[in-house]
Structure formats: structure tokens, C-alpha cells
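Asks: So you can see what is in the structure, the chains are spelled out below.
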Amino acid sequence: MDYTISSIAPIVLLPFFAFVINAFIASRFTRTAVAISCAAIAGSTIYAWRIFSDFVFGTYSANYHIHKVFTWFDLNGGGQEFAVKMGFYIDNMTAVLVMMVTAVATLIHIFSTWYMKDDMNYGRNGRFFTYMSLFTSAMLGLSLSDNLLSVFIFWEIMGFCSYSLIGHYYEKEVAGAANVKAFMTTRVGDVFFLLGIVALWTVVGSVSFVDLYNAIDAGGLVGKAVIGIPLATFAGMCIFMGTIGKSAQFPLNVWLPDAMNGPTPCSALIHAATMVAAGVYLSLRIYPLLDAGGLLTFVAYIGGITAFGAATIALVQTDFKAVLAFSTISQLGYMVLGIGVGSYNAAFMHLITHAVFKACLFLSAGSVIHSLHDHHTHAHVQEMPRMGGLRHKMKFTWFAMWCCTLAIAGIPFFSGFVSKDRILGDALIEALHSPVMIAPAVLGFMGALLTAFYMCRMMFLAFHGKPRDKEVYDHCHEEKFSWNRNLPLLLLAVFTLGVWFSGSLTGQGFVKVADKANGKYEWFQTLIQKPKKGQFENYKREALGSIDVREKGTFTKSKYDSTYGLSEEEAHHIHQVHYIGAGMSIVIAFTGVFIAMMMYLWGKWNPGFWVNTFNRYYRTLQGKYFMDEFYIDGLIKKGLLPFNNILAKFDMGFYDRFAIDGWAVVTRFTMRISAWFDNLFVDTIMVDGTGASVRLFNVILRTIQNGKIQFYIAIIFLVLFGYILAL
Amino acid sequence: MITLTSYLLISFFLFLAGVAVMVARKNIIAIMLGIELILNAAGLNFAAYTRFANQNIDGHIMSLFIIVIAAAEAAVGLAIVIRFFQVKDTIHIDDATELQS
Chain A
1 MDYTISSIAP IVLLPFFAFV INAFIASRFT RTAVAISCAA IAGSTIYAWR
51 IFSDFVFGTY SANYHIHKVF TWFDLNGGGQ EFAVKMGFYI DNMTAVLVMM
101 VTAVATLIHI FSTWYMKDDM NYGRNGRFFT YMSLFTSAML GLSLSDNLLS
151 VFIFWEIMGF CSYSLIGHYY EKEVAGAANV KAFMTTRVGD VFFLLGIVAL
201 WTVVGSVSFV DLYNAIDAGG LVGKAVIGIP LATFAGMCIF MGTIGKSAQF
251 PLNVWLPDAM NGPTPCSALI HAATMVAAGV YLSLRIYPLL DAGGLLTFVA
301 YIGGITAFGA ATIALVQTDF KAVLAFSTIS QLGYMVLGIG VGSYNAAFMH
351 LITHAVFKAC LFLSAGSVIH SLHDHHTHAH VQEMPRMGGL RHKMKFTWFA
401 MWCCTLAIAG IPFFSGFVSK DRILGDALIE ALHSPVMIAP AVLGFMGALL
451 TAFYMCRMMF LAFHGKPRDK EVYDHCHEEK FSWNRNLPLL LLAVFTLGVW
501 FSGSLTGQGF VKVADKANGK YEWFQTLIQK PKKGQFENYK REALGSIDVR
551 EKGTFTKSKY DSTYGLSEEE AHHIHQVHYI GAGMSIVIAF TGVFIAMMMY
601 LWGKWNPGFW VNTFNRYYRT LQGKYFMDEF YIDGLIKKGL LPFNNILAKF
651 DMGFYDRFAI DGWAVVTRFT MRISAWFDNL FVDTIMVDGT GASVRLFNVI
701 LRTIQNGKIQ FYIAIIFLVL FGYILAL
Chain B
1 MITLTSYLLI SFFLFLAGVA VMVARKNIIA IMLGIELILN AAGLNFAAYT
51 RFANQNIDGH IMSLFIIVIA AAEAAVGLAI VIRFFQVKDT IHIDDATELQ
101 S
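Just so you know, the sequences run in chain order A and B. Residues 1 to 727 (this note's numbering) make up the first sequence, in order. Residues 1 to 101 (this note's numbering) make up the second sequence, in order.
Because the hints were derived from the structure by calculation, they are not lab data. Everything numeric in this text was worked out from a predicted model, so none of it was measured. In this text, a Cβ means the ideal position worked out from N, Cα and C, and glycines have one as well. Be a bit skeptical, because a hint or two may be false.
Which residues of chain A face chain B? A few of them, derived with a C-beta cut under 7 Å, are [to be verified]: (1) Ile411; (2) Pro412; (3) Gln710; (4) Tyr712.
Computed Cβ-Cβ distance ranges for the label pairs, DEER-style [claimed, not checked]: (5) B:Leu8 with A:Tyr712: 26 to 34 Å; (6) B:Ala72 with A:Gln710: 20 to 28 Å; (7) A:Val694 with B:Thr5: 47 to 55 Å; (8) B:Leu16 with A:Asp678: 54 to 62 Å; (9) A:Tyr712 with B:Ala72: 37 to 45 Å.
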């Protein structure tokens with residue numbers, strides 16, 4: 001299919017125009033704004049479907065990609081061309097991602113029309129939908145970008161939108177604090193991201209992905225160093241810091257739980273389809289850079305720590321949405337772990353499957369919260385200890401949520417199993433090959449156990465057992481059927497089934513891609529291929545039909561290329577390890593579910609006993625490892641503030657006193673001299689002197705020219721006599 | 001014996017007297033008389049040089065011209081003075097300031 005810029009741009013522009021129209025005109029007419037936003041994202045979905053179907057069913061090739069560039073502006077100074085180019089880069093990964101973002105965002109928009117209807121009835125304007133449109137637009141722009149600079153631009157727009165959406169209920173003080181926290185925390189990563197872009201720009205001279213990959217292939221980054229660190233390591237590290245911020249990885253994970261203060265559909269959008277996914281997507285995009293910089297081990301550690309740490313916190317949360325928030329962090333940790341262990345396609349697959357089931361989980365949570373909404377106090381009931389037994393009243397939500405819970409827990413035949421199992425399998429391979437990778441793999445497997453446990457705990461506490469708070473239970477009322485709530489939940493729940501993403505039981509692939517040669521694999525696995533060093537060179541060669549990319553290329557083998565299917569024996573070995581990993585993760589998932597059932601469904605094991613036995617650990621977990629306290633009390637109050645005070649003292653005592661006041665003394669002295677000079681010389685002598693001399697001549701001339709004829713005659717004769725005498 | 005020097009001395013004194021009258025007196029008619037004296041000094045010089053230097057009558061003719069011009073000038077000057085007197089009621093020269101800018 002032929003693509004032009006104008007056939008790709010609507011994906012980004014439709015929601016953007018919806019934002020502009022809503023922001024300036026329609027936001028006052030709430031229902032119009034809602035219609036515009038929904039129509040725009042639906043339109044984007046159609047455009048995205050064109051590309052997606054083309055990539056999957058049409059002209060599929062592992063190396064097929066679209067790269068359209070246009071000049072943004074051209075500073076043609078002094079005959080030297082300096083054009084800033086923007087463009088779209090669509091490969092298999094982008095096509096799948098854009099499809100996911102538009103589809104999930106459309107469903108979230110539709111759900112929002114149900115969830116936010118009270119909001120609208122109570123006289124709020126369409127602000128929520130205005131920002132939702134901009135948010136989606138920015139995510140789509142980021143996905144389609146062909147260079148790091150425009151990624152950064154959209155990245156920042158998303159940061160702003162998350163700020164606006166988290167603070168939607170601005171009258172609540174916590175919401176105001178949460179949006180500032182989210183914005184400021186992610187900014188820490190953003191600064192590093194920008195630094196990385198600048199570092200790459202100075203060396204490569206371009207921030208386009210294609211140029212970047214080519215530079216890596218050509219060895220253009222070898223031997224270059226920034227402040228003593230190899231460039232690839234420095235830039236990769238800096239850009240990965242952006243991922244850490246946006247995707248709430250270990251050191252910067254504190255903002256995401258607070259983001260729960262936004263309306264639940266926006267939580268779904270942020271947590272599932274857009275912002276946090278953008279961080280992982282960025283890391284996937286710069287995978288060759290991370291590989292070249294030798295950062296993958298570090299990435300794996302960050303991912304493992306995040307996956308495990310967030311899962312442990314989720315164990316003890318009592319807030320319905322907080323469990324989901326920590327599970328998001330944990331799942332993002334899995335994606336990053338997947339990148340770190342070189343499981344590129346599995347990490348991306350987990351991004352997609354997670355987007356679907358996490359969106360569904362959040363929308364279901366929104367459905368629960370909305371149903372428990374207290375119309376008298378307008379208080380949302382989100383505390384799980386007050387729920388219980390809700391399955392009798394909310395059958396549909398209960399069903400949808402169980403599908404997603406099984407998916408996230410990694411139960412077979414659900415999508416989460418397919419993707420997470422593959423990440424864990426690759427982690428296992430890495431752990432078997434190098435001792436340093438054992439820790440991330442262990443953390444990953446333990447996190448999987450905890451995930452299964454805490455998700456089932458949440459489900460049992462909320463939906464099963466006896467109602468714990470009778471008032472809440474009696475109050476609960478699920479609407480019989482409302483298409484704009486049930487349809488998104490249903491569709492998302494259906495897509496948590498594993499068959500959509502993996503092969504069928506016979507291994508022939510449920511959805512076949514056009515590439516017949518690889519039909520025996522799952523379409524996703526076939527579609528998304530790990531970029532290798534030198535692969536872009538081979539793209540070109542394969543396009544010319546001269547070499548098959550699966551042959552050993554002339555490229556330098558990186559550590560991970562050697563583990564991937566280059567020899568029959570190795571492939572076999574990998575398959576075996578994968579089966580072991582899959583077996584382990586199934587056992588682990590069922591163990592987690594079993595423990596949760598023993599504790600919360602059958603009540604055989606009393607959770608209170610464990611809480612009392614491990615009271616200290618329990619409180620540490622409830623305090624979220626006291627990371628907020630560490631940042632605020634420790635890092636900021638003890639570290640940053642005294643440092644700031646020292647700087648302030650230096651500023652006041654030295655800089656102000658000597659540099660500024662001292663300069664004032666010098667200035668005043670110079671000023672006096674120049675004033676004196678000005679007064680005496682310029683004013684008195686030059687200016688007044690000129691006046692005085694003119695006046696003097698004036699006096700003389702006026703005296704002579706007195707108009708007295710006799711005086712003239714006397715002068716004439718005096719001069720005459722003088723002349724004669726002089727002769 | 002009467003020589004050229006005698007005539008020139010007389011002429012010189014006449015001229016000086018004329019100048020003195022012109023500068024010192026405030027009466028316009030007196031000033032006009034001073035001018036007459038100066039013109040007479042000039043005429044006496046012409047006549048004297050003709051008598052002692054060369055034997056033609058150029059000097060005499062020049063003297064006659066001077067007398068005629070002096071007479072005409074006196075007539076014109078007197079007319080101005082009379083008119084001035086009619087307007088200003090005085091012939092004091094310091095009052096004649098109309099041409100002063």
C-alpha cells in the first residue's frame with residue numbers, strides 16, 4: 001500500500017484537532033466535546049487499522065517499514081544547509097503499538113462517557129475529554145516519530161496531560177499534590193533524556209532513529225566518549241533514565257500510585273495504553289543503543305527490582321486502585337526486565353497484552369467504584385475491607401475482571417501467560433548462561449508468584465466471601481446494561497484470551513501473517529523481530545533480494561545475537577529452557593492463586609497471623625518501603641535542603657556581597673569620576689565654554705554695531721590713520 | 001614764500017577740522033558743514049597739485065566737479081534734514097535711528 005505523510009498524519013492530527021476544537025470552542029458544551037473527542041479517536045483507529053492490517057495481512061515482511069520525512073524548518077544560513085527534519089517511522093512494532101493505542105483509547109473514551117456522566121451532569125465542562133484527546137494524540141505522535149527529538153516533544157506533552165488529568169478533581173488537595181508529584185518526578189528522568197539526545201546529536205549529528213541505527217552499525221559510536229564514559233553507554237543511560245521516570249521504574253516509581261487521584265478512565269489510559277507504555281516503547285526503540293552501550297544487565301536489574309518490589313507492596317494494599325497501581329509498576333518492571341534479558345519481542349508483547357488487560361482492570365475498577373459511589377456524601381468507596389461479596393451484585397464486572405486477573409496472574413490460555421512466560425523463559429536462559437543475571441531472573445519469578453497472589457487476593461476480598469460492610473453492599477447497584485460501559489469491558493475481556501496473541505494448540509498460529517515461511521510461529525513473534533547490530537544494513541540487502549536476513553550476516557555478533565537461533569542446536573536448547581521456564585511459571589502462578597484461595601477464599605490460613613508474625617515487614621510494605629519519606633525527609637530535607645542552604649549562604653554571603661555589592665562599589669566610584677569629568681570638562685568647559693565664548697563675541701560685535709553713524713565714521717578714520725601711520 | 005607744502009598743510013588742517021566736526025558735533029547741519037570742509041580740502045589739493053606739478057587744467061576741472069557735487073549734495077542733504085526736522089522736531093543725529101535694525 002502506498003503511504004504518504006497525509007495518509008499517516010490523521011492518526012495524530014484527528015485527536016489533536018479534537019483537542020484544539022474542544023479547548024477553544026466546545027469544552028463549554030460538554031456533550032459536544034465528548035462527541036468530538038470520541039469521533040476523533042475512532043477516526044484514528046480506522047487509519048491505524050489500515051496500517052495494522054497492511055503490516056499483518058498485506059505486504060507483511062519482517063523488514064518492511066515506512067519512513068516518511070518532511071522538513072520542519074530550514075535555517076539556510078550562509079549557504080550551509082541546516083534543515084530540521086521530522087517524520088514518521090513505521091515498522092512492525094509501531095504498527096502494532098498504534099493499533100493498540102487507538103483501539104484501547106477508543107474503548108476508554110467510550111467507557112468515559114459512562115463513567116464521567118455524573119461529572120458532566122454536575123456542571124463540569126469537557127475539560128476531561130479535551131485533555132484525553134491531547135493525551136492520546138501525543139502518544140500516537142510519539143509512537144510514529146522517527147526521531148528522538150519529536151519523541152521528546154510528545155513525551156513532554158504527555159507529561160503535561162498526565163499532570164492535568166491526575167489533577168482533574170482540582171478541588172481535592174491530594175489530587176493537586178499528586179499531579180505536581182507526578183510531573184516533578186518524571187521530569188527528573190526527562191532532564192536526563194534530553195541530555196542523552198544532546199549527546200547523540202553532538203556525535204551522530206542527527207537524532208533520527210534510522211541515522212542512529214546506521215551509526216551504531218557503522219561503529220560510529222565506538223571510541224567516542226562523553227565525560228570519560230563511552231558515548232553509547234552515556235546516551236543509552238540518559239535516555240533510559242527517561243524510561244525510568246515515565247514508566248515508574250525503581251528509583252522514580254513514587255509518582256504512579258499517587259496518580260490514582262485522577263478519574264479512573266484516565267488512570268486506565270495512563271497506566272495501560274499511553275504514558276507508562278511510552279517509556280518502555282522508548283527503551284525498545286533504542287534497544288540497539290542499549291545493547292551497544294552494554295547497559296542490558298543494568299536494565300534487567302532495574303526491571304527485576306521494580307517487578308519484585310512493587311509486587312511486594314501490592315500484597316498489603318487495601319485500596320482497590322492502589323493494588324492495580326502497584327501491579328502496573330510491577331508489570332512495567334517485567335517489560336524492562338524483558339528488554340534487559342534481550343527478550344525484545346516478548347517485552348513488547350507484554351506491553352500490548354498488559355495494555356489490554358490493565359485497561360480492562362482499571363475500567364472494571366471504575367465500574368466498581370462508580371457503583372459503590374455514595375450519592376449522599378459523594379465519597380468513593382475504594383477500600384477493599386469494606387467490600388466483599390460484590391459478585392452477586394456485579395456479575396458482569398466480576399466476570400470481566402476475573403478474565404484480566406487470570407491474564408495478569410499468568411494462567412495459561414490468557415494473554416499475560418503468553419508474554420510474561422516468554423520474558424521469564426528468556427530471563428532463565430540468561431541466568432543459566434551468566435551468573436550475574438541470576439538475581440533479576442529470581443526476582444522475576446518471585447514477582448510472578450506475588451502477582452498471582454495479590455491479584456487473587458484483591459478479587460477475593462472485593463467480590464467473594466460475605467459482605468463486610470452491609471451499608472456499602474446494600475448501596476451497591478450495578479446498572480443492568482449500559483452499552484458504553486459493558487461494550488468496552490467485554491471487548492477488552494475477550495482480548496485477554498491468549499489465542500489472539502499466541503499460536504493455537506497445534507502451533508500453526510491462530511492469526512496467520514502473510515509471511516508463509518514463518519507461519520508456524522505466532523504472528524506476534526514473527527512480526528516483531530529483535531533489531532540486531534547491522535540488521536538495518538541487511539534490511540537494505542534483503543530488499544534487493546540478494547540475501548536472506550536469517551543467514552549469518554556480516555554484522556558483528558552481539559551477546560544476544562549468539563543466543564538467538566543461529567544454529568539448530570542452540571535453538572533446540574533455547575526451546576527446552578523455554579519449556580522449563582513455562583512450566584515453572586505455570587506452577588508459580590497456580591501456587592500464588594492457591595495461597596490466595598487458602599487465605600482469603602476458604603479462610604484456612606488466617607492473614608492476620610502472618611501480619612502479626614511479620615509485623616515489621618508488613619509495616620514496611622504498607623509504608624511502600626518508605627520511599628516517599630526517604631525522598632522527602634531524607635533526600636530533600638536532609639540532603640538537598642542543607643545543600644541548598646549552603647548554596648544560599650554562598651549566594652548571599654559571597655556572591656551578593658562581593659560580586660554584586662562589590663561591583664556596585666566599583667560602579668559607584670567609576671560613576672563619581674565620570675560625573676566629575678562630565679561636570680568639569682564636558683559641561684563647564686565644552687558646553688558652557690562654547691556658550692560663553694559665543695556670548696563674548698556677541699558682546700563685542702554688538703558694541704561695535706551700535707548704529708551710531710559718528711562712531712562708524714570715527715572708526716573708519718581711526719583705521720585710515722592707523723593704516724597711513726603704518727605705511 | 002608760498003610753496004606746495006603750505007597748500008598741503010592748509011588742506012590737511014581743513015580735512016582734520018572736517019573730520020573733527022563730523023565726529024564731535026551732534027547737529028546734522030554741522031556735520032554737513034564738516035563734510036563741506038573735507039570736500040574743500042580735497043578741492044584745494046587738486047588745485048595745488050595742478051599749480052605746482054603739471055601745467056594742464058585737469059585739477060581745476062576736478063575742483064569744479066567737487067564744488068558742483070558738494071552743492072548738489074548739500075541741497076539733497078538739506079532737504080532730508082528739513083524733512084527730518086518736520087517729522088522729529090529735532091536735528092540731533094542720535095535721534096536718527098530709523099535705519100538701525
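Asks: Now look at each hint and say whether the structure bears it out.
Replies: Taking the hints in turn, this is what the structure says about them:
Checking isoleucine 411 of chain A against chain B by beta carbon gives a least distance of about 119 Å; that is not within 7 Å, so the hint is violated. Using the Cβ-Cβ criterion of 7 Å, the hint placing proline 412 of chain A at the interface with chain B is not satisfied: the shortest such distance is roughly 121 Å. The beta carbon of glutamine 710 of chain A is positioned within 7 Å of a beta carbon in chain B (closest approach about 5 Å), and the interface hint is therefore held. A distance limit of 7 Å between C-beta atoms decides the matter here; for tyrosine 712 of chain A the minimum to chain B is near 10 Å, and the interface restraint is violated.
Remark: the range hint 26 to 34 Å for leucine 8 of chain B to tyrosine 712 of chain A is upheld by a beta-carbon distance near 27 Å. Taking 20 to 28 Å as the suggested C-beta distance range, the pair alanine 72 of chain B and glutamine 710 of chain A conforms, at roughly 23 Å. At roughly 52 Å, the beta-carbon separation of valine 694 of chain A and threonine 5 of chain B lies within the given 47 to 55 Å, and the hint holds. The given range of 54 to 62 Å is respected by leucine 16 of chain B and aspartate 678 of chain A, whose C-beta atoms sit roughly 59 Å from each other.
Separation of tyrosine 712 of chain A from alanine 72 of chain B is about 23 Å and departs from the stated range, judged on CB atoms against 37 to 45 Å.
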